[in-house]
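Going down the list, the sequences are from chains A and B.
Here the first sequence is numbered in our numbering, starting from 806 and rising by one per residue.
Here the second sequence is numbered in our numbering, starting from 93 and rising by one per residue.
Hints listed in this document are in silico derivations from the structure and should not be mistaken for laboratory results.
No experiment lies behind these values; they were computed from the predicted model shown.
Quick reminder that beta carbons are idealized off the backbone N, C-alpha and C, glycines included.
Any given hint could turn out to be false.
Here are the computed lysine-lysine pairs in the DSS-like style, where the Cα-Cα straight-line distance is at most 30 Å [to be verified]:
1) B/K94 with B/K194
2) A/K1016 with B/K261
3) B/K128 with A/K956
4) B/K128 with A/K1095
According to the in silico footprint, chain B covers these stretches of chain A (three or more CB under 8 Å from chain B) [what the hints assert, rightly or not]:
5) 874-883
6) 993-1002
7) 1071-1082
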Amino acid sequence: MINNKLKKTYTINELKGAFLFLLPLILFLLLFILIPIVGTFITSGFRDVSFLEKKFIFFDNYKTLFSDSVFWHDFGFTVVFVIVSVSLEMLLGISFALLLNQYLPFRGLLRAVVLIPWAIPVAISARIWELIYNYHYGLANYLIMQLGISKEPINWLGTNIGAFFALVLSDAWKTTPFVTIILLTGLQAIPKEIHNQAKVDRAHFFQRFYKITLPLLKPVIVVALLFRTIDGLRIFDLIYVLTHGGPGGSTSSISLYGYKYFLSGDFGYGSAISISLFIVAFALSLLYIKIGRFGKEIL
Amino acid sequence: MKEEKVKIIITLTVAVFMVLFCLVPFIYMVVTSLSKNPDFLSLQSSFGWTFGNYKNIFTARTLHFFEYLRNSIIVSGVSAVVAVFIASLAAYSITRLSLPAKSFILLFTLSMSMFPQISLVGYLFSLMTKLGWINTYPALIFPYIAWILPLSLWILVSYFMQLPKELDKAAIVDGCSTWQILYRVILPVAKPGLFSAALLAFIFAFNEFMFALMFTTDYTARTIPVGIALFQGLHGEIPWGNIMAAATITTIPIVILVLIFQKNIIQGLTRGAVKG
Chain A
806 MINNKLKKTY
816 TINELKGAFL
826 FLLPLILFLL
836 LFILIPIVGT
846 FITSGFRDVS
856 FLEKKFIFFD
866 NYKTLFSDSV
876 FWHDFGFTVV
886 FVIVSVSLEM
896 LLGISFALLL
906 NQYLPFRGLL
916 RAVVLIPWAI
926 PVAISARIWE
936 LIYNYHYGLA
946 NYLIMQLGIS
956 KEPINWLGTN
966 IGAFFALVLS
976 DAWKTTPFVT
986 IILLTGLQAI
996 PKEIHNQAKV
1006 DRAHFFQRFY
1016 KITLPLLKPV
1026 IVVALLFRTI
1036 DGLRIFDLIY
1046 VLTHGGPGGS
1056 TSSISLYGYK
1066 YFLSGDFGYG
1076 SAISISLFIV
1086 AFALSLLYIK
1096 IGRFGKEIL
Chain B
93 MKEEKVKIII
103 TLTVAVFMVL
113 FCLVPFIYMV
123 VTSLSKNPDF
133 LSLQSSFGWT
143 FGNYKNIFTA
153 RTLHFFEYLR
163 NSIIVSGVSA
173 VVAVFIASLA
183 AYSITRLSLP
193 AKSFILLFTL
203 SMSMFPQISL
213 VGYLFSLMTK
223 LGWINTYPAL
233 IFPYIAWILP
243 LSLWILVSYF
253 MQLPKELDKA
263 AIVDGCSTWQ
273 ILYRVILPVA
283 KPGLFSAALL
293 AFIFAFNEFM
303 FALMFTTDYT
313 ARTIPVGIAL
323 FQGLHGEIPW
333 GNIMAAATIT
343 TIPIVILVLI
353 FQKNIIQGLT
363 RGAVKG
């Protein structure tokens, strides 16, 4: 009995110690992430506009949001943008990963080259792309004309469709490296013996890809896909710098729409917009965590 | 034999495409920064080598390039070091000490890295205004630490897991306390992991845009991504040459870091597998 009691107090001390080590992490996450989310949610229930008296209005901001055609436009734009750009990134990512998984000369250097777009801050690369898409003297129109793809220069940033694809291409440039690296790790986990056996069985390498590589890689693809979807939904920097949501608001994302309200001092409505995005992103991240089965090798 | 040939052709095509895709915008930036005329690709213009753009961004006081770069390095550096320190305490607790709900803590932290920043800035902006921190380093450093903690924690947890438990046992036999085990035994052995985590944390903080845009008002605290995004000439024209020179000076060190430490970065990204 004494033994038992001793053991119990020891465990409590141990717990205290373990918790103490965890405390700074918990404090930072609580103060700068969790409380702000709750705070934003509370603010979304108020009429909270500069120079006006703050007033609790329950879900009125959300009611306005539901009938706000600009919000639905931006919501639709964000979803379509994510579908198109993430598809392109996955396609490029798989091609690059398959390439880097082979025995190549300069493989290390090639891997580093792929990482370069990832490491450059989005806001800075967005300025480079802004010059690339310049109607009169940008690189994009220069290449298109030189290669004979089009006789006329394309108005990249001045038309709705041009601005959309300008954003898709720039986003793919920035995020394909991440997809490539994740998929490459997945490829390296596939035992070489499986491929060798298939070679013995005279399977063509396209067959090997569809019948062996792709099914085995599927879990990793799903994780990369979900991660990029969640990340893409919150897109802000690239659009803020490259198109400002233009022309005429056609490329405005949910984050940019919320930002505009915060900027103008309407914190209540801005918060409602942000919370709507948060709910979508959070639901998807729960799915991501469940599917990704993170930490199964850790815990 | 035929299959081998097809394979070589496809491999080469993809390799050339990949290198061009990744490098062309980067090269275009460097080349434009060295040209007198940013419109050198049009027929009416010529190239004209110059270092004038570089000279200009360091001498033209109105651009504040040096201040933006200094702010970025200080803010990202401090955030990365503090975040990795805090994350190493937590990772030690999770991997070594008796703690209930370890997986819940890890997954909960992971889910936070998925939160859209826009759903934090409204509240944080009011908080920073109340604290009088707008346009100061702390307004960025504190949220940045929280923002890069999940990534750092995941990298360090997976790293600490690989360290043999015998290390701890030997230290306990030697009479070390929990603190001593951490800073005398675990941290020295985990240096490569700590370095990877700090490098990634630094790059993420250096890339951050929305907080820096909202919580700073001028060059006293504004970071380089926001600075370059808002670069404007005196008469409203876009000073492309200066922008590209500033972008080059900012990105070349990062690119060199990536080239040298690509293995650490790839390990960190895939171990953490949390952020893009």
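Here's how the hints hold up against the structure:
no., hint, result
1, B/K94 with B/K194, "54 Å, violated"
2, A/K1016 with B/K261, "48 Å, violated"
3, B/K128 with A/K956, "28 Å, holds"
4, B/K128 with A/K1095, "54 Å, violated"
5, 874-883, "violated (count 0)"
6, 993-1002, "violated (count 0)"
7, 1071-1082, "holds (count 7)"
When each numbered hint is compared with the structure, violations occur for hints 1, 2, 4, 5 and 6.
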